[in-house]
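Here is how the chains run, residue by residue.
2 protein chains.
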Amino acid sequence: MCGIARTPEPPYYAVIFASQRTEGDNGYGKMADKMVELASQQKGFLGVESARDEGLGITVSYWDSLEAIRDWKEHAIHKIAQEKGKTEWYQNFSLRVCKVE
Amino acid sequence: MCGIARTPEPPYYAVIFASQRTEGDNGYGKMADKMVELASQQKGFLGVESARDEGLGITVSYWDSLEAIRDWKEHAIHKIAQEKGKTEWYQNFSLRVCKVE
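Same order as they appear, the protein sequences are chains C and P. In terms of the numbering used here, the first sequence opens at residue 17 and continues consecutively. In terms of the numbering used here, the second sequence opens at residue 17 and continues consecutively.
Please keep in mind that the hints were generated in silico from the structure rather than gathered at the bench. Any given hint might turn out to be false.
To be verified - Here are the simulated PhoX-like pairs of lysine-lysine, each with C-alpha atoms no more than 25 angstroms apart in a straight line:
hint, chain 1, residue 1, chain 2, residue 2
1, C, K115, P, K89
2, P, K115, C, K59
3, C, K89, P, K115
4, P, K115, C, K115
What the hints assert, rightly or not - Okay, the calculated beta carbon distance ranges per label pair:
hint, chain 1, residue 1, chain 2, residue 2, range
5, P, I93, C, D41, 34 to 44 angstroms
6, C, G71, P, D41, 17 to 27 angstroms
7, P, P27, C, Q98, 20 to 30 angstroms
Please read these numbers as outputs of a predicted model, since none were measured by experiment. Backbone N, C-alpha and C fix where the C-beta goes; we use that ideal spot for every residue, glycine too.
Here chain C stands alone, though its shape is the one from the complex (with noise of 0.2 angstroms):
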């Protein structure tokens, strides 16, 4: 996980995650390195590059399919991770997903 990503010849997905943590850790980095660890074992995954600065962290993740994306959403352990970004890791995010053509 580091670095750009080395996704196959287009068409596939993409999903933007942009999002402005709360103060302190609480439990984030390790349930981040855990989340990028589970997707990158999913069905589907093509790659993953990820930056944070002081203003706002971006993960972009990529993705054969939109099922392979949905799947992924529903994972139990990331739902769990889900839950704790909105009550406590995140003051803001945006999700989007797209197609790179």
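Chain P: place on chain C using the hints.
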């Protein structure tokens, strides 16, 4: 140019630009700010999100059409920046155009 972009309802387009910098600034910071300013004035520009850490920088810009993306790509001053990016500022970069759905 800060935080999460306030984009309209889909569909619209996103350009995902991921990059790894070379050492030193070499005029990069100033040109990067200028590019955001210029892009914001382009027809069809919807917003931009940007984050950079030691490993990677990600900038996602949002546009209302593929034509707007093409026009920005061909913008004279942007073309100078693209050239400096290739020869001086970036070790590696990737650029993906996608449709937000």
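Status of the hints after comparison with the structure:
no.: 1; hint: K115(C) to K89(P); in the structure: holds (20 angstroms)
no.: 2; hint: K115(P) to K59(C); in the structure: holds (23 angstroms)
no.: 3; hint: K89(C) to K115(P); in the structure: holds (20 angstroms)
no.: 4; hint: K115(P) to K115(C); in the structure: holds (5 angstroms)
no.: 5; hint: I93(P) to D41(C): 34 to 44 angstroms; in the structure: holds (41 angstroms)
no.: 6; hint: G71(C) to D41(P): 17 to 27 angstroms; in the structure: holds (19 angstroms)
no.: 7; hint: P27(P) to Q98(C): 20 to 30 angstroms; in the structure: holds (25 angstroms)
Hint violations for this structure: none, all hints satisfied.
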